[in-house]
Structure formats: structure tokens, C-alpha cells
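Chemist: Protein chains in written order, with our numbering: chain X, 1 to 112; chain U, 113 to 590.
Treat each hint with caution, since some may be false.
[Claimed, not checked] In silico lysine-lysine, DSSO-like type, Cα no more than 27 Å apart, as pairs:
id, chain 1, residue 1, chain 2, residue 2
1, X, Lys79, X, Lys90
2, X, Lys85, X, Lys68
3, X, Lys85, U, Lys432
4, X, Lys40, U, Lys242
5, U, Lys429, X, Lys40
6, X, Lys40, U, Lys522
7, U, Lys522, U, Lys242
8, U, Lys169, U, Lys242
[Stated by the list, open to error] For each label pair, taking beta carbons as the anchor points, the in silico distance ranges come out as:
id, chain 1, residue 1, chain 2, residue 2, range
9, X, Thr83, U, Glu569, 17 to 27 Å
10, U, Trp427, X, Gly87, 20 to 30 Å
11, X, Gly37, U, Gly431, 18 to 28 Å
12, U, Lys367, X, Val33, 49 to 59 Å
13, X, Thr83, U, Ala435, 57 to 67 Å
14, X, Gln39, U, Gly222, 31 to 41 Å
15, X, Lys17, U, Ile562, 26 to 36 Å
16, U, Gly360, X, Gln39, 50 to 60 Å
17, X, Glu14, U, Gly484, 14 to 24 Å
18, U, Gly431, X, Lys68, 18 to 28 Å
19, X, Lys68, U, Trp427, 50 to 60 Å
20, X, Gln39, U, Leu538, 36 to 46 Å
21, U, Val376, X, Gly24, 34 to 44 Å
Please keep in mind that the hints were generated in silico from the structure rather than gathered at the bench. Just so you know, even glycine gets a beta-carbon here, dropped at the ideal spot from N, CA and C.
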Amino acid sequence: MMKLEAIIQPSRFESVKDALREAGIEGMTVTEVRGHGRQKGHTEVYRGREYTVDLLPKIKLEMVLPDKLVNTVVDTILKTAKTGKIGDGKIFLSRVEEAIRIRNEERGESAL
Amino acid sequence: MKHAVLCCCLFVSLLAVAVPLPAQAPASTTPASASSPAGSSDASKELNDKLAQLDQKVAAAQSAGDNAWMLTSAALVLMMTGPGLALFYGGLVRRKNTLAIMMQSFAMMGLITVLWAICGYSLAFGGDGKFIGDLSHVFLRGVGVAPNADYSATIPQLTFMVYQLMFAVITPALITGATAERMKFSGTVLFMTLWFFVVYVPLAHMVWGKGGLLNAAGGKFPCLDFAGGTVVHITSGVSALVCALYMGKRVGFPKQPMPPHSLVLSFIGACLLWVGWFGFNAGSALAAGGLASSAFVATHFGAAAAAFGWSVAEWFKNGKASALGAISGAVAGLVAITPAAGFVRPMPALVIGLIAGVFCYLMVTKVKALFGYDDALDAFGVHGAGGTIGALLTGVFAQAIVNPIFGDGKPVGARDGNWGQVGNQLIGVLFSWGFALVGTIVILKITDLITGFRVTEEHEVEGLDITQHGEEAYYLES
Numbered sequence: 001m002m003k004l005e006a007i008i009q010p011s012r013f014e015s016v017k018d019a020l021r022e023a024g025i026e027g028m029t030v031t032e033v034r035g036h037g038r039q040k041g042h043t044e045v046y047r048g049r050e051y052t053v054d055l056l057p058k059i060k061l062e063m064v065l066p067d068k069l070v071n072t073v074v075d076t077i078l079k080t081a082k083t084g085k086i087g088d089g090k091i092f093l094s095r096v097e098e099a100i101r102i103r104n105e106e107r108g109e110s111a112l
Numbered sequence: 113m114k115h116a117v118l119c120c121c122l123f124v125s126l127l128a129v130a131v132p133l134p135a136q137a138p139a140s141t142t143p144a145s146a147s148s149p150a151g152s153s154d155a156s157k158e159l160n161d162k163l164a165q166l167d168q169k170v171a172a173a174q175s176a177g178d179n180a181w182m183l184t185s186a187a188l189v190l191m192m193t194g195p196g197l198a199l200f201y202g203g204l205v206r207r208k209n210t211l212a213i214m215m216q217s218f219a220m221m222g223l224i225t226v227l228w229a230i231c232g233y234s235l236a237f238g239g240d241g242k243f244i245g246d247l248s249h250v251f252l253r254g255v256g257v258a259p260n261a262d263y264s265a266t267i268p269q270l271t272f273m274v275y276q277l278m279f280a281v282i283t284p285a286l287i288t289g290a291t292a293e294r295m296k297f298s299g300t301v302l303f304m305t306l307w308f309f310v311v312y313v314p315l316a317h318m319v320w321g322k323g324g325l326l327n328a329a330g331g332k333f334p335c336l337d338f339a340g341g342t343v344v345h346i347t348s349g350v351s352a353l354v355c356a357l358y359m360g361k362r363v364g365f366p367k368q369p370m371p372p373h374s375l376v377l378s379f380i381g382a383c384l385l386w387v388g389w390f391g392f393n394a395g396s397a398l399a400a401g402g403l404a405s406s407a408f409v410a411t412h413f414g415a416a417a418a419a420f421g422w423s424v425a426e427w428f429k430n431g432k433a434s435a436l437g438a439i440s441g442a443v444a445g446l447v448a449i450t451p452a453a454g455f456v457r458p459m460p461a462l463v464i465g466l467i468a469g470v471f472c473y474l475m476v477t478k479v480k481a482l483f484g485y486d487d488a489l490d491a492f493g494v495h496g497a498g499g500t501i502g503a504l505l506t507g508v509f510a511q512a513i514v515n516p517i518f519g520d521g522k523p524v525g526a527r528d529g530n531w532g533q534v535g536n537q538l539i540g541v542l543f544s545w546g547f548a549l550v551g552t553i554v555i556l557k558i559t560d561l562i563t564g565f566r567v568t569e570e571h572e573v574e575g576l577d578i579t580q581h582g583e584e585a586y587y588l589e590s
């Protein structure tokens with residue numbers, strides 16, 4: 001099992017979600033987050049006072065996947081989340097030791 | 113005979129002048145009564161009675177029309193404080209101080225109303241003193257449906273009283289913009305109570321009250337102030353500056369970003385202010401006649417031109433016209449046109465608005481940054497600066513053709529050739545500045561001694577909603 005975390009542009013989220021559903025992915029957890037990598041922020045001016053906003057809004061997707069699906073999902077996200085501009089985000093993968101479904105205490109990949 | 117004919121003439125002319133619509137039907141019967149043998153005293157008496165009845169009906173009709181507009185205006189002016197100003201300011205503060213700043217406006221609706229009823233109205237509009245009214249109307253004694261001919265002969269004094277009350281409510285509320293995000297609630301209540309008696313009431317009497325020092329009609333220095341450029345905006349704006357200087361900057365100002373938490377709220381508030389201002393300015397005609405129309409149009413034009421002026425200035429400077437800039441400009445224009453509304457024609461109103469929009473933009477962005485005071489929501493930059501420029505420009509653009517306040521045929525402002533009026537306006541402005549300045553400093557000292565004025569740093573960081581009121585504007589977990 002692998003855990004996939006993807007930080008993506010909010011404007012790409014709907015396309016990514018739809019593409020993942022078409023690829024047969026059933027579950028995901030989504031959070032609205034703020035942060036920055038290499039992308040610079042922007043400035044806002046309120047009555048002459050200038051603020052640099054360097055933490056930009058992003059969407060974080062989290063899902064735990066059976067090993068056989070990992071490549072499909074990564075490819076799908078790469079294809080649909082890309083705008084080609086700086087600030088498109090990143091994907092992180094890590095191993096997961098165990099998954100447990102709370103309702104019936106199923107364990108392992110069948111709990112996903 | 114002569115008497116009867118005279119009566120008939122009067123009767124006909126009265127009908128023609130005062131009640132143009134139903135005039136046709138009765139007018140056709142008058143020649144008959146005139147041609148009939150009118151020598152008998154019975155007929156004469158009957159005619160006199162009818163005439164008296166008609167007089168009453170005409171007066172009642174005018175009173176009904178004027179009163180309908182003035183009650184509407186009073187409600188509109190109240191709407192400027194809550195929700196207008198409360199939303200405008202509420203959106204400009206950070207989320208943790210939303211309810212506190214709204215509550216400071218709302219509290220004035222309660223507090224000032226009570227003070228007004230007890231003795232505020234009497235001290236502002238009773239008697240004919242130079243500096244302050246008297247106690248003839250304490251607890252609203254003698255204030256009933258009969259008009260007060262000193263101020264408004266056609267509406268019940270109750271209407272006049274409640275209309276003026278709405279001005280007294282919003283004026284102190286304006287100050288809270290400068291002290292936002294760091295003023296104690298207890299300090300607010302005490303400060304505003306004192307400020308109402310020491311600054312607002314005397315100045316309202318001096319400018320608008322019978323016999324007042326600055327009263328346009330008969331004062332020593334006749335200062336034109338149609339709806340409160342000096343009394344409302346200069347006093348609140350200058351006091352706001354004094355408070356901001358006395359209090360010091362907010363924790364973290366100017367390094368820490370403090371952007372408005374919801375410009376949507378501010379936007380709604382500003383639009384409500386604009387609409388409410390029609391009651392503020394056009395209502396200041398105290399009647400529903402042509403002067404009200406004139407003030408209504410000037411108000412609207414002033415606001416629009418200032419929104420335009422501020423936006424253009426901002427566009428040049430930042431490359432973008434912001435929503436906050438446009439609504440701030442509109443409010444600045446409304447402030448500046450307030451003293452002028454009932455004295456200027458539509459085109460000068462556009463000019464006043466345009467000047468005020470650019471001027472207040474520079475005050476808020478350049479002058480504030482230059483001196484570094486923390487007028488949090490720009491109560492001084494908009495109301496103090498806009499009120500001052502508006503009061504001076506009133507002296508320039510006031511015209512007898514709009515409002516012959518100094519008597520028929522006498523010039524009013526510089527456009528009529530009376531340049532001296534600009535000097536009178538300057539005296540009014542300087543006097544209001546000085547009066548607000550000194551009064552506020554004294555009150556601040558007293559408030560600081562009794563309740564304190566500023567919250568602790570810890571409370572300021574935590575936010576006034578929780579520390580002053582024990583609640584939150586946005587309870588996101590529920």
C-alpha cells in the first residue's frame with residue numbers, strides 16, 4: 001500500500017477529481033491548504049498599504065492506494081494537474097504499513 | 113363688501129398657489145359667490161370660516177407630505193449607522209474584531225438615544241444661547257406633535273427631534289474607525305457619553321441651533337453647513353485623529369499585514385451608507401420641497417464623482433482600480449458634499465466630489481504613511497479630510513439660486529461673488545477643528561483615568577470579540 005499526497009493548483013482540482021474517478025479511484029481526502037514552493041506570491045493593496053501574499057491557496061489530495069494502482073494514479077494526476085507554469089505543485093509517495101476499516105475492522109488492501 | 117371681495121381674491125389665489133390639483137372644481141364656484149350680493153354679514157362669515165378651514169387643510173396637507181419624507185429620512189439615517197457603518201467598518205477589521213467594531217456602532221444607537229431623550233435634545237436645540245441650548249426640553253418636555261417653528265414649521269417637533277437624534281447617533285460611531293481593534297468596550301461607552309456632551313451637543317447648537325455662534329441664519333460667523341460637514345464629519349474625524357494619536361498603533365502595525373477580513377461586508381455597508389445619505393442630506397431640508405430634491409441630486413452626484421476620482425487616482429498609482437478604493441471614494445464624496453448639499457447645483461456637486469475623491473485618496477495613502485499614525489479604518493482620512501474640504505468648497509460653490517439663505521437677492525458663496533463666505537467657512541472649520549481637538553484631549557484623559565481606553569496587549573492579540581464580548585463573529589466549527 002502506498003500513500004499519495006498531491007499538492008495541486010485549485011483551478012485544476014475538478015479535472016483531476018473527474019479523471020481519477022474515471023480511472024476507478026473510489027476515495028480521496030481533500031484539504032484546502034496554503035503554502036509555497038518556488039512560486040512567488042503576489043501583492044495586494046488596501047488603501048495604499050501593500051501586502052505581499054506569499055502563501056498561496058492550494059488543494060491537497062490524500063489517498064492510500066493498493067500498489068497496482070499507484071502508477072495509474074500518478075500518471076492521471078501528472079496529466080490533468082499540469083498547466084506547465086511554476087506553482088503546479090508536487091506529488092509525494094510513501095509506504096503505508098496498515099489500513100483498518102473502522103466499520104468492520106477489515107485490514108490491509110481490502111480495507112481501502 | 114370690500115372685505116368679502118378681498119377674501120375671495122385671497123381664496124382664489126390660495127387655491128391656485130397651494131393646491132393646484134383640486135383647484136379647478138372649487139374655483140369654478142367662486143365667481144358665483146363673488147357675483148352674488150355679498151354684502152350680508154352671514155355670507156361673509158361663512159366665507160371666512162371656509163377660508164379658515166381651507167387654510168387648515170392646506171397646512172395639514174403640507175405637513176403630511178413633509179412629515180412623510182422626514183420620517184423616512186430619519187429611518188434612512190438610522191440605517192446608516194446600523195447596518196451601514198457597522199458593516200462598512202466590520203468588513204475592514206480582522207476577523208477577530210468584527211463583532212466588537214459592529215457593537216461599537218450599535219451601542220451608539222442605544223446609548224445616544226437614551227442621552228438624547230434625557231437632555232441631549234434640549235441642550236442642542238432648546239433656547240437660543242450662543243454656545244449651547246438650555247434645559248427647557250429635558251425628558252422631552254414640550255416636545256409633541258406641534259411643530260417647533262424655530263426649526264421646522266411644518267412637521268411635528270417629535271419628528272424633528274428624532275431626525276436630529278439619528279445624526280447624534282452616527283457621529284460618535286464614526287470615531288470608532290480610528291480606534292478600531294484596540295479600544296475597550298467600557299472605555300468606548302464612557303468616552304462616547306462624555307464626547308456627546310462636550311463636543312457634539314455644543315457644536316450642534318452653535319451651527320444649527322437658534323442663536324448659535326456659527327449659525328448660518330443670524331450667527332456672528334455665518335458658516336454654511338447644510339447637513340453636518342462641520343458638526344458631524346469634522347468633529348468626528350478630528351476627534352478620531354486625536355484618539356488614534358493618543359492611543360498609539362495597533363500591535364504589529366505597520367509591519368504585520370492587517371488586510372480587511374471581508375470586503376463583501378464593507379461593500380454592502382458602503383452601499384447602504386450611500387442610500388442612507390439621501391435621508392441625511394435631502395432630509396436636512398426639513399421638508400419635502402424643491403430644496404430636498406436639490407440636495408438629493410447634489411448628494412448622488414458628489415458620491416459618484418468621488419468614487420470616480422478615487423478610482424482613477426488609484427488606477428494611475430497601482431495600475432488597478434480596487435473595489436475598496438471605489439467604495440471609499442464614494443463615502444469620501446458623500447462626506448464632502450454633506451455641508452454643500454443644499455447650497456450647490458449639480459455641476460459644482462460633481463466638482464466637489466471629484467476633488468474630494470482625489471484629496472481623500474492622497475490623505476489616506478500618502479499623508480497617513482508620511483506621519484505614520486494608525487487611523488485604523490481612516491476615520492480621519494475620510495471624514496476629517498473630506499469634511500474639511502467639503503466645508504471650504506461649500507463657501508466657493510454655494511449659490512443663492514439654490515438656497516437664498518442670507519435673504520432674497522443676497523449673494524451666498526464665491527460663485528455669487530461673496531468671497532467673504534469662504535472666510536466664514538474657514539472660521540467654521542478652524543473652530544470645529546479646535547473645539548473637537550481640545551474637547552477630545554480632555555475627555556481622553558478623563559476616560560483613561562476611570563475605565564482605561566485601550567485593551568491589554570494580550571487581549572488585543574486574542575481579539576476584541578472574545579475578550580470584550582465573549583463571543584465570535586464566525587463560529588466555524590458549528
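Chemist: Give a verdict on every hint.
Modeler: Verification of the supplied hints:
1. X:Lys79 to X:Lys90: Holds: Lys79 (chain X) and Lys90 (chain X) sit about 13 Å apart, inside 27 Å.
2. X:Lys85 to X:Lys68: Outside the cut-off at roughly 30 Å; violated.
3. X:Lys85 to U:Lys432: holds (24 Å)
4. X:Lys40 to U:Lys242: Outside the cut-off at roughly 63 Å; violated.
5. U:Lys429 to X:Lys40: holds (22 Å)
6. X:Lys40 to U:Lys522: violated (65 Å)
7. U:Lys522 to U:Lys242: holds (25 Å)
8. U:Lys169 to U:Lys242: Distance of about 37 Å is beyond 27 Å: violated.
9. X:Thr83 to U:Glu569: 17 to 27 Å: violated (45 Å)
10. U:Trp427 to X:Gly87: 20 to 30 Å: holds (27 Å)
11. X:Gly37 to U:Gly431: 18 to 28 Å: holds (27 Å)
12. U:Lys367 to X:Val33: 49 to 59 Å: violated (25 Å)
13. X:Thr83 to U:Ala435: 57 to 67 Å: violated (27 Å)
14. X:Gln39 to U:Gly222: 31 to 41 Å: violated (50 Å)
15. X:Lys17 to U:Ile562: 26 to 36 Å: Roughly 60 Å apart at Cβ, these two residues miss the hinted range, so it is violated.
16. U:Gly360 to X:Gln39: 50 to 60 Å: 37 Å Cβ-Cβ, so the 50 to 60 Å window is violated.
17. X:Glu14 to U:Gly484: 14 to 24 Å: At 46 Å between Cβs, range violated.
18. U:Gly431 to X:Lys68: 18 to 28 Å: Violated: the Cβ-Cβ distance is about 52 Å, outside 18 to 28 Å.
19. X:Lys68 to U:Trp427: 50 to 60 Å: holds (57 Å)
20. X:Gln39 to U:Leu538: 36 to 46 Å: Violated: the Cβ-Cβ distance is about 54 Å, outside 36 to 46 Å.
21. U:Val376 to X:Gly24: 34 to 44 Å: holds (40 Å)
Checked against the numbered hints above, the structure violates hints 2, 4, 6, 8, 9, 12, 13, 14, 15, 16, 17, 18 and 20; every other hint is satisfied.
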